[in-house]
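Participant: Taken in order, these protein sequences are the chains called S, Y, F and Z.
Take the first sequence: its position 216, counted from the start at 1, is 216 in the numbering used here, and no numbers get skipped.
Take the second sequence: its position 216, counted from the start at 1, is 216 in the numbering used here, and no numbers get skipped.
Take the third sequence: its position 368, counted from the start at 1, is 368 in the numbering used here, and no numbers get skipped.
Take the fourth sequence: its position 390, counted from the start at 1, is 390 in the numbering used here, and no numbers get skipped.
A couple of the hints might just be wrong.
For chains that are exact copies, the list does not tell them apart, and a pair is met inside one copy or across any two.
Claimed, not checked - Derived pair list, reagent style PhoX-like, types lysine-lysine, alpha-carbon separation capped at 20 Å:
#	residue 1	residue 2
1	Lys326	Lys408
2	Lys12	Lys419
3	Lys332	Lys408
4	Lys329	Lys12
5	Lys408	Lys377
6	Lys163	Lys375
7	Lys124	Lys261
8	Lys326	Lys12
9	Lys419	Lys284
10	Lys375	Lys284
Treat the hints as calculated values from the structure; they're not laboratory data.
Protein chains: 4
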Amino acid sequence: MPYQAERLPREKVLRDPVHNYIYIEYRLIMDLINTREFQRLRRIKQLGTASLVFHGAEHTRFTHSLGVYEITRQICDNFQRNFPTHTPGDGLWDDNERLVALCAALLHDIGHGPYSHTFEHIFKTDHEAITVAILTSPDTEVNQVLRSVSPEFPAQVASVIQKTYPNPQVVQMISSQIDADRMDYLLRDAYHTGTKYGTFDLTRILRVMRPYQDGIAFEISGMHAVEDYIMSRFQMYQQIYFHPVSRAMEVILSHLLQRAKEDYESPEAVNEAAAPYLLFPFFKHEFNLEDYLLLDDGTLTTYFAHWRQSSDPILADLSHRFLDRKPLKSVKFDEQSKAKLPELRQLIEKAGFNAEYYTDTNNSYDLPYDAYDPKMKKPLTQIELMQSDGQLVELSTVSALVSAITGKFSGDRRFFFPKEMLQPQSGNIELFDPIYESFQQHLHNDYII
Amino acid sequence: MPYQAERLPREKVLRDPVHNYIYIEYRLIMDLINTREFQRLRRIKQLGTASLVFHGAEHTRFTHSLGVYEITRQICDNFQRNFPTHTPGDGLWDDNERLVALCAALLHDIGHGPYSHTFEHIFKTDHEAITVAILTSPDTEVNQVLRSVSPEFPAQVASVIQKTYPNPQVVQMISSQIDADRMDYLLRDAYHTGTKYGTFDLTRILRVMRPYQDGIAFEISGMHAVEDYIMSRFQMYQQIYFHPVSRAMEVILSHLLQRAKEDYESPEAVNEAAAPYLLFPFFKHEFNLEDYLLLDDGTLTTYFAHWRQSSDPILADLSHRFLDRKPLKSVKFDEQSKAKLPELRQLIEKAGFNAEYYTDTNNSYDLPYDAYDPKMKKPLTQIELMQSDGQLVELSTVSALVSAITGKFSGDRRFFFPKEMLQPQSGNIELFDPIYESFQQHLHNDYII
Amino acid sequence: MPYQAERLPREKVLRDPVHNYIYIEYRLIMDLINTREFQRLRRIKQLGTASLVFHGAEHTRFTHSLGVYEITRQICDNFQRNFPTHTPGDGLWDDNERLVALCAALLHDIGHGPYSHTFEHIFKTDHEAITVAILTSPDTEVNQVLRSVSPEFPAQVASVIQKTYPNPQVVQMISSQIDADRMDYLLRDAYHTGTKYGTFDLTRILRVMRPYQDGIAFEISGMHAVEDYIMSRFQMYQQIYFHPVSRAMEVILSHLLQRAKEDYESPEAVNEAAAPYLLFPFFKHEFNLEDYLLLDDGTLTTYFAHWRQSSDPILADLSHRFLDRKPLKSVKFDEQSKAKLPELRQLIEKAGFNAEYYTDTNNSYDLPYDAYDPKMKKPLTQIELMQSDGQLVELSTVSALVSAITGKFSGDRRFFFPKEMLQPQSGNIELFDPIYESFQQHLHNDYII
Amino acid sequence: MPYQAERLPREKVLRDPVHNYIYIEYRLIMDLINTREFQRLRRIKQLGTASLVFHGAEHTRFTHSLGVYEITRQICDNFQRNFPTHTPGDGLWDDNERLVALCAALLHDIGHGPYSHTFEHIFKTDHEAITVAILTSPDTEVNQVLRSVSPEFPAQVASVIQKTYPNPQVVQMISSQIDADRMDYLLRDAYHTGTKYGTFDLTRILRVMRPYQDGIAFEISGMHAVEDYIMSRFQMYQQIYFHPVSRAMEVILSHLLQRAKEDYESPEAVNEAAAPYLLFPFFKHEFNLEDYLLLDDGTLTTYFAHWRQSSDPILADLSHRFLDRKPLKSVKFDEQSKAKLPELRQLIEKAGFNAEYYTDTNNSYDLPYDAYDPKMKKPLTQIELMQSDGQLVELSTVSALVSAITGKFSGDRRFFFPKEMLQPQSGNIELFDPIYESFQQHLHNDYII
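Required output: the full structure, derived from the provided sequences and hints.
Facilitator: As structure tokens, this is what we get:
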């Protein structure tokens, strides 16, 4: 039997709190899960600093990746049962696409590293490029497993993730405005945070999904379920992903890594005991795939534990603030009140903080949904509803709710600063009092005025 | 206002997936949560290697500690509302005990380190002693916060955890056969693993709990709820905590730490780059509290990542097996088949494995419930049911189910060995075939025969 | 102790699937639950014909009424703990209002009869007037219990339900755009139907509710939770309450009761055996409160069981269709296609159906949310959010989502007709074929064209 | 296409709170659901008087029957996917048995009437015989649908329910100690009561079920899941099904029907207006199937509403007690204290109650599990576990927990009496005081002493 068709002697299951069980039928999938690169995802949190706000949300990218696989598997099962292709090009589902879809689903996040967003920003890495490298580089275990299917298979799986794979149904399963990836993370993040906002009716959405010539559409009878999913997604962004305290911890992390990079760029630093050897390639921007694969959340926090005893007081303090969860405070500002930022930064400097490391601004904006627009840099695949006569209509044209948020960015701009500006430490109150007062006069109702 | 009575301006809540919200009314509790020692628990998994079997169970001791606090808070609320003391010694609830109970609940696990069970075994640490040290040593932030209540307060909280506190109601809230600790971990571990076994009716149990002279009793009308809790606990042990693959990963971890200790005991080891500085005090068994507090799960796995490139092939291989999740296989044995172990170990050596590092035996036995027995080393506090006339009866005398498991240990003894003994690697099949065959003939129906 | 302050010797609880437990502290509440009029609600389904579509939704108004009581109790607890009044008129919560609020919550639906909406329409009853009558008429057990508090108490409770009670906080708890009534039915109907749409974060909403001078406001930090509630409500209307098959069964019920009324208006009808004695007062529109209280869902279906053997073929057939769940079919129409209705009705007559009893139109429109508008017949109490400086803002001015649906009715207009028009019965196909064909040509994509 | 193989154009789903969706693939199943006899189950509560204690439990036999169908469907799917027969007699699953299994599952309760247990006892009906009659009598719609498969099909389906069908796999799916019927009602009753006791891991049990020569076995790896199911069942009996208040309401119902039967046996009764025509055939014990099918819960309560105005004070009072939920009180007794019952009855008579109608004894005993015993009147099918070598072991031989309750009846014997004996009504206190005192002296700790 060719490897790709080889089934496990008995279907295997992994217990999962969101999907109850993850079902694994193919040896190929089991082998991918058992690779070193995939197991590494167990040590990288899905939500990064948000777990410092929602303490239950300590789940990892490993868990999420299995969930995306499982949803994709269910979509394939449903398509094969209800919409199997009869003749090539009839717009129905060709089950020969199943394996490439399942592998792309499982591996779509394999290139993520610790606290990806911040890490990438400081060290100029790119998790998407690394994902492709892990799939296609002959040195990885993942590549070795994929190659057993065929020499072209690794590149095919990569092309699904890169959205260049010829079959749009497969691409849209994994990445579109309503795909297996988003559906899993919304449900999973809601489950582990304990919030209710991310809940939508997965079973119903899966039931109304159907393949068509140009991708995946949704039967119009399921319009409200799709609408409800869009709303859930919107709420999760507003309530969880954009939480100001989570962003405040990200600011600290970012400044901490930046500071370390600067510190270690001077050669004498390297000689000290307990040096962050695993980060050196990144400080020098001379890393290879193997260097990258040695990193995980624990690597960073281990170095932070070293650094909290550093002779650089800023590095030590930021390490302490991150490890011991001392978030910066924040307020919103707008185009007009933005002009006040320099003045606020000056006051903060006067109070004894290096404004470069202890303040920041951060915009969190999400586009909850948009129709296809060829003028966009990355045009989105719009959500299509299929009427009983087979005609498609775009979601926002029939849903007043979705229409209300279509194409509109939602989020806020925040200025971050040390908590001490609001709660002066005892000991120096008299000295700094006027500074604090001036500072606080600029804040009202969570806004800079 | 004295510090201990100081309430937050507005009750604070933390979102929790198990209890919905954790309610915090006292500044003291908030300050304890914000200590460095408590925040460190965010980096120590509650279930250790079991998260390698139940992938959703990535929650930490931080989360669990908050849950134990919350259950204790609810018990205090209930006692104060329904059973407030009128005269000293009347066996009812004295709400002055609330703070000591809440602090003990929150801090009962503060001395845990990474993969505690295994770590303690190899490095001769003792998490209970360390808990007491963290509470009572003047250098910790926790001690500093507790001292603000009164100079004796740290020792009082410690004595609750050590079970020497004079009020048995407070002690039994935190540790007895049905306490806030167990109730939280059963519910939480069930939630995150996604299993149903740990579910019992917490609200009902809290409702039938009541203080009496010698501790805490349960109204007899709630007998079945208590019974159901005992059964849930039994099932969680059988299904989750004793899972053979989780124990197999623990065996690897244990041998890995043992090997590292032996390797680094030779002085030349210390000079190599990327040395495990944070572990040195433990290798030498000369650690202090500060050394201990720098460790977490990530520290260990970071060193394992270093070691996977070690020149010691056993250290490198065990590091790889742990990080990449390559569990040993196992079978059960009994007193009789135990005699076969030397022969099995010999075959394993013949197949090329160092039996000291690649095999082990492990017993997992739990006492699901027992009545008080003064002859035991650590006599258990039995569960008392209160009848409508106020008389107490011990649980197992009225519950046939509980009686069936009272005083009976349940679990198994397993022999662990490399998976390769069952699935020979290609390349050397011919050579080793007879060895594998001999080995496998000793196994039948998951037992050594 | 005055009756109103009399507490049960021990707080009593009723197990509830939505709120876990319903807590009862006052004897007054227990006595009200035990009245004949309240127990009667056990025999009246909450969702009427919707239970014929969502088979799990067989819960009753009894259950819902307890839930509204419980939410109100929690609101009072929260208000009393966090916002107790200090001086009269300070806009905070006066806990002397608790009892009137709890009673109004418990009794707000006590005047409902079987399949209220339809029954009222045919027999010109008015459940709100009957609610007031049950509370204030000296003959009811409810009135007797309420009178024990004070002679004015029954009228006070009634005035809360009538929205004329002077304290707007109490009124808004029970009836406003986000009140205990709506919050309970959304959660409960979602639970029993098994749909996910009605889920919102009750605990969070209760946490951000607060009394103010003119009623109840919500802290702005909870804006998204309120928004999510509005969305849930919207979805429940679209998906559950407006379900076309549920409305189709209501059409049958309505025509069936209408037909019975007409049949029994002729005096000879009364003489037949198994006459619907309990309905006579309603046929004659000469009913009193006692007559009304004898009715429940089972009374109606018992008479339908009699009538399925009636000599009036239309009465018999409609009874059969209702009891055996044979819904009419339906399609949407709009202002333009409305002109086709006479033609469709003619075709239906030609196919042998009396169009008066076998067709109907039905509009289902809901106003998901609106701001206060003094020009409306019944102006709505708008949802106010309180900023950190105490200023109020109306919800739709800060929520883009809510703004999108504010003041906009949502729903559809449907034309109902016999299923036989789409699925001709065997036996008469040839004869009627051209009729069916003509009929079906008017339908496309669930619309009349 | 033969009718039995005819699939719906698109698989239909019914939303279900327990199983999420009920999936219907065959036209045959849809047609059975649409029969009059099956729709009638919508008007018969699953739990009878227990809904008067657990107010959420208002679900019906209709809902449960769909659930049993769904579980059976999942078992068949699993068997067909994993254990399809290769050669006749190989002990594996023959999917030609699917339809008979599905129909038997759906229809197994079709013969139930209102408050079956009590009704049967008073009127000597037999729901199992009626089930067979509904399946096999040519007059029913169910029979007509089943006959479309083949002339023998109705009798085949009946034989599964009667346990005489030749294939033991099919029989055990529907009735054994762990069958689709029990699994559905435990989960469903737990869901609607809101209790946690009935929860067990359905998915896991379905996964370890497998066909073998003599029926259905469970893989030994699932032993604890089966054990947990047995414990859940045990708890549900103790906590829900045997609840004393539910049994107290059953006692009232029973005496009420008995009294009505006696009253209406005298011919003059029949002439009164509002006579209970639908019950006459049962009063006279001359009923036919059509008479039986006209009854439902609402029929009985409608007559009770008539009777509460009856001239027979006992009939009127018992009707009032049932409709308005005024349960009798009860205490436990044993073989010894049984001797006190006559004395207690005398005191009750002295207090003015007819002991025949106002007192009763009731035993509730359940056999939670037993091994097969050929000496029993109806020997039970024991639960078999399959080891990895294919050998079977009986559950209680490997489970200490199950062994503890195997073959042991659990439950209690209670004596029921009017609540007034404990809470004298005002007005007659002086007169009856000594009677009440004597009575109460016999009760202690919920027992007769």
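Participant: First find the shortest C-alpha distance between Lys326 and Lys408 inside one copy, then the shortest across copies, and answer within, between, both or neither for a cut-off of 20 Å.
Facilitator: So Lys326 and Lys408 fail the 20 Å test inside a copy (33 Å) and across (46 Å) alike.
Participant: Which holds for Lys375 with Lys284 at a C-alpha limit of 20 Å: within a copy, between copies, both or neither?
Facilitator: So Lys375 and Lys284 fail the 20 Å test inside a copy (38 Å) and across (65 Å) alike.
Participant: Can you tell me if Lys326 and Lys12 fall within 20 Å by alpha carbon in one copy, between copies, both or neither?
Facilitator: So Lys326 and Lys12 pass the 20 Å test across copies only (17 Å; inside, 44 Å).
Participant: From the Cα coordinates, with 20 Å as the cut-off, is the pair Lys124 and Lys261 best called within, between, both, or neither?
Facilitator: within (12 Å within a copy, 38 Å between copies)
Participant: For Lys329 and Lys12, with the copy left unspecified, which applies at a CA distance of at most 20 Å: within, between, both, or neither?
Facilitator: between (48 Å within a copy, 17 Å between copies)
Participant: 20 Å Cα cut-off: does Lys163 pair with Lys375 within a copy, between copies, both or neither?
Facilitator: within (18 Å within a copy, 54 Å between copies)
Participant: With identical chains treated as interchangeable, where does the CA-CA distance between Lys419 and Lys284 reach 20 Å or less: within a copy, between copies, both, or neither?
Facilitator: So Lys419 and Lys284 fail the 20 Å test inside a copy (33 Å) and across (41 Å) alike.
Participant: Is the C-alpha distance from Lys12 to Lys419 at most 20 Å within one copy, between copies, in both cases, or in neither?
Facilitator: Only across copies: Lys12 and Lys419 sit 18 Å apart there, 51 Å inside one copy, limit 20 Å.
Participant: Treating 20 Å as the Cα threshold, decide for Lys408 and Lys377: within, between, both or neither.
Facilitator: Within one copy only: 16 Å inside a chain, 35 Å across chains, cut-off 20 Å.
Participant: When no copy is named, should Lys332 and Lys408 be tagged within, between, both, or neither for a Cα gap of at most 20 Å?
Facilitator: Classified as within: same-chain Cα gap 19 Å, cross-chain 31 Å, threshold 20 Å.
When the structure is compared with the earlier hints, violations turn up for hints 1, 9 and 10 and for no others.
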